Amino acid sequence: MMTMPVDMSTTLGNAWFPHPIFTASGCASSGKELAQFFDLKDIGAVVTKSVMNKPRHGRPTPRMAETPSGMLNSIGLQGPGIDAFLATDVPWLLEQKARVIVSIAGETIEEYSTLARKLRSVSGISAVEVNISCPNVENRGMVFACDPDASRRVIDGVRKAIGGELPIIAKLSPDVTNLPDIAKGVVDAGADALALINTVLGMVINIDTMRTHLGGKTGGLSGPAIRPIAVRAIYQVHAALPQIPILGMGGVASGRDALELILAGASGVSVGTASFGNPSAPIAIQNELRDLLAQRGFTTLKDAVGYAHREASI
Amino acid sequence: MMTMPVDMSTTLGNAWFPHPIFTASGCASSGKELAQFFDLKDIGAVVTKSVMNKPRHGRPTPRMAETPSGMLNSIGLQGPGIDAFLATDVPWLLEQKARVIVSIAGETIEEYSTLARKLRSVSGISAVEVNISCPNVENRGMVFACDPDASRRVIDGVRKAIGGELPIIAKLSPDVTNLPDIAKGVVDAGADALALINTVLGMVINIDTMRTHLGGKTGGLSGPAIRPIAVRAIYQVHAALPQIPILGMGGVASGRDALELILAGASGVSVGTASFGNPSAPIAIQNELRDLLAQRGFTTLKDAVGYAHREASI
Amino acid sequence: MATINKSSAQLMATLVSNKRVGAYHQLLLNVGDLVKSCKPGNFVAIKVGGDSSKMILRRAFAISRVSDISQYGGTMELIVAPHGSGSKWLCSQVEGTEIDIIAPLGTAFGIPTQPINALLIGGGYGSAPLFGLADVLKSRGCKVDMLLGASIGSKIYAPMEGKRSVNSLKIYTEDGSMGETGRVTEPLLDIIAQRNIDVVYSCGPMGMLRAITELVADSDVIHQCAVEEAMACGVGICMTCVLPVKNDDGTTSMLRSCIDGPVMDGSRVRWDLVGKVPEAQ
Amino acid sequence: MATINKSSAQLMATLVSNKRVGAYHQLLLNVGDLVKSCKPGNFVAIKVGGDSSKMILRRAFAISRVSDISQYGGTMELIVAPHGSGSKWLCSQVEGTEIDIIAPLGTAFGIPTQPINALLIGGGYGSAPLFGLADVLKSRGCKVDMLLGASIGSKIYAPMEGKRSVNSLKIYTEDGSMGETGRVTEPLLDIIAQRNIDVVYSCGPMGMLRAITELVADSDVIHQCAVEEAMACGVGICMTCVLPVKNDDGTTSMLRSCIDGPVMDGSRVRWDLVGKVPEAQ
Ligand SMILES: Cc1cc2nc3c(=O)[nH]c(=O)nc-3n(C[C@H](O)[C@H](O)[C@H](O)COP(=O)(O)OP(=O)(O)OC[C@H]3O[C@@H](n4cnc5c(N)ncnc54)[C@H](O)[C@@H]3O)c2cc1C
Ligand SMILES: Cc1cc2nc3c(=O)[nH]c(=O)nc-3n(C[C@H](O)[C@H](O)[C@H](O)COP(=O)(O)OP(=O)(O)OC[C@H]3O[C@@H](n4cnc5c(N)ncnc54)[C@H](O)[C@@H]3O)c2cc1C
Ligand SMILES: Cc1cc2nc3c(=O)[nH]c(=O)nc-3n(C[C@H](O)[C@H](O)[C@H](O)COP(=O)(O)O)c2cc1C
Ligand SMILES: Cc1cc2nc3c(=O)[nH]c(=O)nc-3n(C[C@H](O)[C@H](O)[C@H](O)COP(=O)(O)O)c2cc1C
Ligand code: FES
Ligand code: FES
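Listed in order, the protein sequences are those of chains A, B, C and D. Here the working numbering is used: position 224 in the first sequence is 218, and no number is missing along the way. Here the working numbering is used: position 241 in the second sequence is 235, and no number is missing along the way. Throughout, the working numbering is defined as the position within the third sequence, counted from one, plus 39. Throughout, the working numbering is defined as the position within the fourth sequence, counted from one, plus 39.
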């Protein structure tokens, strides 16, 4: 079939990306591991695993359980700490000419600000993703993203520490009663874009040991099982905040799935769990997406963003 | 393998059931349709489709979309209204010697009370399940189950209208920030038991029409995809309210799955979506569950309820 | 005891043959004595994708015809279009595979007690159940004419043996690649008039069924159509497959096309409201 | 450019043979030139369940041995225990099926530059990679003894050809149904002393690897073990497969067993902390 070329570029805040598919935080480590399977610069950006201020061991094993069309993980933010990360991982990615979105996570509002301050001076980064689905040690371990006030304060702190340049993408949890409300709060506090959705809280019980299967008891549900939840979340938030770009994610495993999220309102799409089954998934999905857009007569990806919200013509 | 017989009986409030597997509301219509596939009196009870005060057409088609290991539905509570329901469906079920749990739904707190009053005089019913995952027309369509105060007031109204006899099972939605909180509220208001979980809000976009696939735009996600969410919800609520019996549901398709929910804290298990793929699923699951319990040395189902919460012996 | 689904059973049926026929696959399932309760218009619900499938719902297919005298014992024939992942899986199964089925389900075409003039209209794979129906009508002394339509010739299903049981067969394709160019609805009124048609039996896309209903609305012709709505359960317990149907008192009910259908009286279906909701009751 | 997974590729490999061997299935995959980069200890990650599977993660299997001279071209042998739904699916595939694999993955057993005395210990299907290893060690002039253990005889995997490449083979089963009754760890210290063992290579259940590590802890014997942790990705991107491993400075790191393993130095693994978390760093 003859199809027109499609302009696949996209923007998140003031960051421009030549391609619309991204890795998902925590599903690409820091990029090196995937470089054997595709050229990292051929996708929108590598979103790195959420990094904290200090090095961290994470949660005990077992850390994963496969579930129907999905999986639970409880990694617990194992990582080298921001200093080692900035010293080794970021320079390597930039050397590959990959675009980089750094994901940060903290246990206190102050930790997020500290991380932001350290990022401020690093050049070459495209954006910072603020993963606020972390337990707030100062408030009985309640996840920041489940508390409108705490969410807002995290983003406010990051905005102040990081200055006006680097776009802030606030990554939200779907485990809330009123997602558009949380979204509005973080946008008011200075987020330029939103990442939707983080994993859904779940649990598996091992029927042999008759105890919770994961070392950390609960885990985050990801993969195709949660895609309908992601589509709904993106649709709801895009309806409430049509000007705010969304980095969509949740169960995307094919170009068809990526298109679904884009029609719902995502400007870019992260591929997470699908990379575990197929390490070249991001690039394969990007190619499929291009074909699907072309078949539907789109000449630029941007025209498809949020298309499902338009009134159907009669 | 030689195994001991297992006492499979269970209780929800003061209602006793000889068997622990139930149909799920909305997934067995009013029972007649399944009678060809198994004897309705051989399972714990038939939980009937949520009935409203007046007859109702429900939502436009398409009303369903299959999703990976799950499905979305948007039926919109189509039904004959409580009067026709009590006149024809309940007597038929009682004639079959099936136990009956009537599920009710309303758009106002007053409607729930009206339904409860009508039920009060009906004999032979084992319990009433109050489905509070309905839009509250008096409060901008916000789902009752997502609002702690509205949830409490619905149950309070039902308790007062129905008197002290019939056990009230409050059915909760997982789409909330703090499920144990909602659970505590409805228990304080007079619920004897809790049904967990209703469907998870989701959406599918048809990539051909490029619009939402369901006539009602959003739909409820059910099936194996959501089982890890159900297990987590049951575990959380059982931990917070260990005395309150839970009717567990969400993605149960085998005896193994039913056991998982029971270990997490469910006293009984409803089978919903699995009946669509296999109309004799409830009875098949019940038989598998009995074998699994026997293999693990349980002589009564009750001993397995919430077992995953016990400290592992070393 | 059961009043609904009362002759249906769930069983494992052996796939005894799988042949490509044009754009479709003709599948033959060994279902034993079950053939005795299958009537033209009934459908079968099939589990797809195997044991570890992410597809959790059955797929519905019209029973094209049953036979009690084949070399395999009682067999059921299906005509399946490889459409999405479930039907493609089914079409890719090899002979010998055990297929999990529930059948027969739904209503059947009404068979007249008098020898009448019948016109059978099929769109695409919708012709499948019409050949079995033609056999029954013929055996009752009816005159049976048939009209088949599709977008392209490969989507016309009209087996050799089938042609024997009809008095005439006319084929229409939109691209003219087989038979006449056009749609089955074009010659409809002429044929009805010329051949004194009493009953139209139809099966095919909803748009075709609606058009036929509208064309025969002002006549005495009875229109029995087999509708096709997305079904989650096929046995009446999920309420996803509903259609707006007129009651005697003029009100409209949302009826389940799996148990109150698929065969319905075309003049009762409120085609204008399909995909909408009637005014509040 | 890539430094991690650097010789691995994703490809469709034809299953050329599937034979039951005791409790296991011996699978032979045609992988072409890929055999050249496979080393004893490496593993393969396999997609299971077909196109519409609800299983979204690959399954890891040790590469038992590769051959470049078989009638099928380059082949890779796997020994698979039908355990859960994924491995059972794999064991049920018929010859000719195309299997989606990523290989070779992970670290390999270290091969000494000197001819040493090696003891290879396998538990259950853990013996699979040891025969390929034995070939390589033999070709380097090493003396190779082997100890295999399992709960029951049918879980001992010890192919005829394999036995040729070892100087001695001793089998232990817990129920005594094959070889001696007992566990491989019982005769271990005696054998090490009698045969002047320099290096122990092991593969099997984590409990066995731990017990071996503890037994040789006070000796000069080097212990290379292939660990087995639940893996979601197999390529280093998910962090689910971690093990606590001692660093030179005495601290402990959670290392990925898919890229820093599966072959690890047994004395470095903090077996006491497996399933726990080290003190905060
Ligand atoms: C009473 C009845 C009789 C039918 N007879 C035939 C027949 O004889 N031959 C034939 O080829 N097809 C027939 N169909 C259509 C057939 O059921 C669908 O093509 C099939 O379900 C599509 O499944 P899929 O997995 O291939 O497609 P997908 O699009 O992947 O299916 C996704 C979901 O939507 C449902 N769905 C999608 N399209 C349809 C549809 N057209 N009708 C009902 N459900 C749908 C599926 O059941 C499934 O749950 C019939 C449908 C009904 C209701
Ligand atoms: C490096 C390595 C080498 C292995 N070599 C072999 C081999 O040569 N032969 C063999 O039979 N098996 C081997 N295994 C174990 C094999 O991976 C598991 O038996 C298999 O993954 C189980 O999948 P399932 O679907 O059958 O079971 P399920 O229990 O249904 O699997 C559910 C999930 O848990 C994971 N899982 C379950 N058990 C294990 C396990 N023991 N190890 C890792 N992941 C697990 C699966 O990958 C899957 O994601 C090896 C494992 C690893 C990590
Ligand atoms: C193993 C694993 C680790 C993850 N780690 C992180 C993380 O560190 N930070 C974060 O913001 N999200 C993390 N996520 C969430 C993903 O980025 C993504 O939001 C989610 O998995 C949904 O997308 P998917 O279904 O494509 O995986 C993790 C997910 C998985 C499966
Ligand atoms: C088609 C359909 C209709 C449903 N209708 C109702 C209903 O009327 N009332 C109710 O409380 N729950 C209803 N539910 C929710 C189920 O009772 C159950 O809580 C949910 O589907 C999760 O269980 P499952 O995964 O086993 O289906 C419905 C679910 C489905 C799939
Ligand atoms: S398909 Fe479920 S009621 Fe008709
Ligand atoms: S299995 Fe994913 S990092 Fe090792």
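Careful, some of the hints might be misleading.
Lysine-lysine pairs mimicking BS3-like chemistry, simulated, CA-CA at most 27 Å apart [unchecked claim]:
| # | chain 1 | residue 1 | chain 2 | residue 2 |
| --- | --- | --- | --- | --- |
| 1 | B | K211 | C | K315 |
| 2 | D | K45 | C | K127 |
| 3 | A | K211 | B | K296 |
| 4 | C | K285 | B | K211 |
| 5 | B | K48 | C | K78 |
| 6 | A | K48 | D | K285 |
| 7 | D | K127 | A | K48 |
| 8 | B | K35 | C | K127 |
| 9 | A | K91 | D | K45 |
| 10 | D | K75 | A | K211 |
| 11 | B | K91 | C | K315 |
Beyond 10 Å from chain D on every Cβ pair, some chain C residues (computed) [said to hold, decoys possible]:
| # | residue |
| --- | --- |
| 12 | I43 |
| 13 | K78 |
| 14 | G89 |
| 15 | S91 |
| 16 | S124 |
| 17 | W128 |
| 18 | P151 |
| 19 | P154 |
| 20 | I155 |
| 21 | E213 |
| 22 | E225 |
| 23 | D259 |
Covered stretches of chain A (in silico footprint by chain D; criterion: 3 or more residues with CB under 8 Å from a CB of chain D, positions within the stretch not fixed) [said to hold, decoys possible]:
| # | region |
| --- | --- |
| 24 | 42 to 55 |
| 25 | 264 to 271 |
In short, the hints are calculated from the structure, not lab data. Nothing here was measured: the structure is a model prediction, and the numbers come from that model. We put the CB at the ideal spot given by N, CA and C, even for glycine.
Comparing the hints with the structure gives:
1. B:K211 <-> C:K315: Distance ~13 Å between K211 (chain B) and K315 (chain C) Cα, so the pair holds.
2. D:K45 <-> C:K127: The given pair, whose Cα atoms are some 37 Å apart, is violated under the 27 Å limit.
3. A:K211 <-> B:K296: The hint holds at about 23 Å.
4. C:K285 <-> B:K211: 26 Å, holds
5. B:K48 <-> C:K78: Not satisfied, since the Cα-Cα distance of roughly 37 Å exceeds 27 Å.
6. A:K48 <-> D:K285: The hint holds at about 19 Å.
7. D:K127 <-> A:K48: It is violated: about 43 Å lies between the C-alpha atoms, which goes past 27 Å.
8. B:K35 <-> C:K127: 39 Å, violated
9. A:K91 <-> D:K45: Roughly 19 Å separates the two Cα atoms, so the pair holds.
10. D:K75 <-> A:K211: Roughly 43 Å between the alpha carbons, so the hint for K75 (chain D) and K211 (chain A) is violated.
11. B:K91 <-> C:K315: 38 Å, violated
12. I43: Label holds. Min Cβ-Cβ 31 Å, cutoff 10 Å.
13. K78: 32 Å, holds
14. G89: Given that some Cβ of chain D is not farther than 10 Å from that of G89 (chain C), nearest at about 7 Å, it is violated.
15. S91: Nearest chain D Cβ is 5 Å from S91 (chain C), so the label is violated.
16. S124: 5 Å, violated
17. W128: The assertion about W128 (chain C) is violated, with a minimum of 6 Å to chain D.
18. P151: 43 Å, holds
19. P154: 48 Å, holds
20. I155: I155 (chain C) is indeed farther than 10 Å from all Cβ atoms of chain D, at 45 Å.
21. E213: For E213 (chain C), whose nearest Cβ neighbour in chain D is about 32 Å away, the distance exceeds 10 Å, so it holds.
22. E225: Consistent with the label, E225 (chain C) stays out of reach of chain D, its closest Cβ about 40 Å off (over 10 Å).
23. D259: 49 Å, holds
24. 42 to 55: holds (count 9)
25. 264 to 271: That given contact holds, which follows from 5 residues of the region 264 to 271 of chain A lying within Cβ reach (below 8 Å) of chain D.
Hint compliance for this structure: hints 2, 5, 7, 8, 10, 11, 14, 15, 16 and 17 are not met, and every other hint is.
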